[in-house]
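Asker: Based on these hints, arrange chain F on the given structure of chain S.
Residue numbers (the UniProt record's numbering), protein chains in the order written: chain S, 1 to 464; chain F, 1 to 195.
One or more of the hints may lead you astray.
[Unchecked claim] Taking lysine-lysine and the DSBU-like style, the derived pairs with C-alpha atoms no more than 30 Å apart in a straight line are: (1) F:K15 / S:K80; (2) S:K302 / F:K9; (3) S:K351 / F:K15; (4) F:K187 / S:K39; (5) F:K38 / S:K250; (6) F:K187 / F:K78; (7) S:K388 / F:K15; (8) F:K9 / S:K250; (9) S:K350 / F:K9; (10) F:K15 / S:K372; (11) F:K9 / S:K80; (12) S:K309 / F:K9; (13) F:K187 / S:K173; (14) S:K110 / F:K187; (15) F:K187 / S:K164; (16) S:K372 / F:K38; (17) S:K309 / F:K15; (18) F:K38 / S:K39; (19) S:K250 / F:K12; (20) S:K80 / F:K12; (21) F:K195 / F:K78; (22) F:K187 / S:K179; (23) F:K12 / S:K309; (24) F:K187 / S:K198; (25) F:K12 / S:K351; (26) S:K250 / F:K15; (27) F:K187 / S:K236; (28) S:K302 / F:K15; (29) F:K187 / S:K31; (30) F:K9 / S:K351; (31) S:K372 / F:K9; (32) S:K302 / F:K12; (33) S:K350 / F:K12; (34) F:K15 / S:K350; (35) S:K372 / F:K12; (36) S:K45 / F:K38; (37) S:K388 / F:K12.
[Stated by the list, open to error] Just so you have them, the derived chain S footprint on chain F, three or more residues with Cβ under 8 Å: (38) 126 to 136; (39) 167 to 175.
For the record, the hints were derived by calculation from the structure and aren't laboratory data. Yeah, the Cβ is synthetic: ideal placement off N, Cα and C, and Gly gets one too.
Each chain, letter by letter, is given below.
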Amino acid sequence: MSSSTYIAPTDHAKAADKFMEDEERVNWHDKALWFIREKRDVASKQLPEWELLRETASQIKQNVLANLDTYLEQFEQNAKQNGITVHWAADAAEHNRIVLDIINKHGIQKLVKSKSMLTEECHLNDYLADNGIDVVDTDLGERVVQLAQEPPSHIVLPCIHKRKEEVGELFHKHLGTEKGASDPAYLTEAARQHLREKFLTSDLAITGVNFAIAETGGFVVCTNEGNADMGAHLAKVHIACMGIEKIIPKAENLSVFLRLLARSATGQPITTYSSHFHRPRPDQEMHIVLVDNGRSIQLGRKDFYNSLKCIRCGACINTCPVYRRSGGHSYHYAISGPIGAILAPNMDMKKNADLPFASTLCGSCTNVCPVKIDIHNQLYQWRQIIAKEGYVPATKAQGMKVMANVMANPTLFRVAGKSGRFMMRLAPGLASIKAVNPWAKQRDMPEAPKESFRDWYIKNKKKS
Amino acid sequence: MSSRESILKQVKANKPAAAPLPATLAFPPLPAADVLEKYVRIAEAVGTVVMQVESLSAIGAYLKKHYETPERVLNTVKGVGFGQELSGPIEDGHTLANLEMAVVQGTLAVAENGAVWVSEEHLPIRVLPFITEHLMLVVSEQDVVNNMHEAYARLDVSVPGFGAFISGPSRTADIEQSLVIGAHGPKRAHVFIVK
Chain S
1 MSSSTYIAPT
11 DHAKAADKFM
21 EDEERVNWHD
31 KALWFIREKR
41 DVASKQLPEW
51 ELLRETASQI
61 KQNVLANLDT
71 YLEQFEQNAK
81 QNGITVHWAA
91 DAAEHNRIVL
101 DIINKHGIQK
111 LVKSKSMLTE
121 ECHLNDYLAD
131 NGIDVVDTDL
141 GERVVQLAQE
151 PPSHIVLPCI
161 HKRKEEVGEL
171 FHKHLGTEKG
181 ASDPAYLTEA
191 ARQHLREKFL
201 TSDLAITGVN
211 FAIAETGGFV
221 VCTNEGNADM
231 GAHLAKVHIA
241 CMGIEKIIPK
251 AENLSVFLRL
261 LARSATGQPI
271 TTYSSHFHRP
281 RPDQEMHIVL
291 VDNGRSIQLG
301 RKDFYNSLKC
311 IRCGACINTC
321 PVYRRSGGHS
331 YHYAISGPIG
341 AILAPNMDMK
351 KNADLPFAST
361 LCGSCTNVCP
371 VKIDIHNQLY
381 QWRQIIAKEG
391 YVPATKAQGM
401 KVMANVMANP
411 TLFRVAGKSG
421 RFMMRLAPGL
431 ASIKAVNPWA
441 KQRDMPEAPK
451 ESFRDWYIKN
461 KKKS
Chain F
1 MSSRESILKQ
11 VKANKPAAAP
21 LPATLAFPPL
31 PAADVLEKYV
41 RIAEAVGTVV
51 MQVESLSAIG
61 AYLKKHYETP
71 ERVLNTVKGV
81 GFGQELSGPI
91 EDGHTLANLE
101 MAVVQGTLAV
111 AENGAVWVSE
121 EHLPIRVLPF
131 ITEHLMLVVS
141 EQDVVNNMHE
151 AYARLDVSVP
161 GFGAFISGPS
171 RTADIEQSLV
181 IGAHGPKRAH
191 VFIVK
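Only chain S is shown next, with the shape it has when bound in the complex (with noise of 0.2 Å):
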């Protein structure tokens, strides 16, 4: 994505407003969205040991972040055994360069890319392009994003935001399908022979991680499409990034994630392709980068360190009914969604302060979330230290003070309820002016009762 057109937006409820003023897309967005986690609904509900595994695999994660430099340590020495080299990265920074070494050792130009939130998270592409190397990305979705030059709106689905109509023009303009296609089978066949080429053609392979085992110093790659293990399997160089938390401790817990994994993600019973990679080929070359940037931290606040259990199955995020009315661009993250939203504070509090606040709270994440992570405690929780540490809006921070004090004062209540009635039957249009009152953008005001609760009761009280 060098020389990108592509801006990313810096407030996500400016960046929602834009994407809801088509309104159209919006409601496609929204109910797509939905259909998947209807999706997620009845497979989960096809096992009647669901919870069971919720729970199982919450607590293998929890173990894991409990053992993370012992499980490591072992991993790395088991991967050494195998003949994979094992680099470790403190930062996005550093795992660039890593791979970009790999890559001018062995004089490569280019190469595919299958993929991985962690080079998304460290802007692998952008780096790389500036270096000179042509990168493909090879998941049909993220080769979308590529040639639109944008990042991925979605983990799981990259280019969810966008209708046939577009990719049929990009489509057009990159791969030279026909003017107006927009037939999904027609262009996925067509996106099918121009990466067939790529993979033929290309000497390296960079694949993300969604498991590595301790045990056995290997590691495990899902993809449905294939793309992963045509790059790794064709290619003299195989680079696989990976977050130091995607770690499990044995062989046999994969059961346990990959029976969570799929079903979460889009309900399928699993991915078609769950690949196990222990040892490179004969005649290859294997590496995998472990990757802190942050992690560390993460693990050490004992509010949050909940989020790195996450295995990337995006079902937060379809069911989140912020995520689906306001799109994955408008969270300015590389994950978007109520668990980007509880990542991206930690890597840059400032930046990212107005994402906790894109929640309505409503536990909806919390309670399809695999691995149970408490994801709408975790938002809230960081809105209160965002808040402390100042990173509130000033509008939103005034209102908040003010409205604290009239909630702590009983007589101060009694009076801005009786006011706030009594301008609402006066003038019903001012609270729906939305320079007024931002709540009644995309709501209509209630009516408003003559009395309070408050005065009904002790009214009636009186009467019985």
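Answerer: Relative to chain S, chain F alone:
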């Protein structure tokens, strides 16, 4: 201090209190006939054509009937008796770029998700089950297990350098959530369950 040391040091300092690793999950086994019925139902739901056959040679007869020209089929399973038989390794996966069909031995099949474990032990080259346009997997009836817990109890996934659970043909729904079969891997998948 190297990044390795600084990361490990910070992880050690910040990690939460000790928590035990939960015990391995196991569920009561299902009767074999139920497992098989479930496998067929779920594998078909993910787009696999499931054929239950009496013998390996019955697979050969099926292929002959449906696909006629054996030149199009790369057969790595002895006893099928159809297609280009192959026993040794393949040096370069790129030579398979235009391969139409591959017959490959699977180690076991999983009823709950339709997946078949395919590993390097049975592959002349890793890319084979991904690069072929039509994948034909062969699994013995006694190797169909109920769920992933049973699968991992039977497999040591670290023995082969590479292995994968494969469930159905490759797919994508990235364009407007419309399911399209045949993304980068096979466009069609068969699983033959041999008695």
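Asker: Looking back at the hints listed earlier, which ones does the structure fail to meet?
Answerer: none
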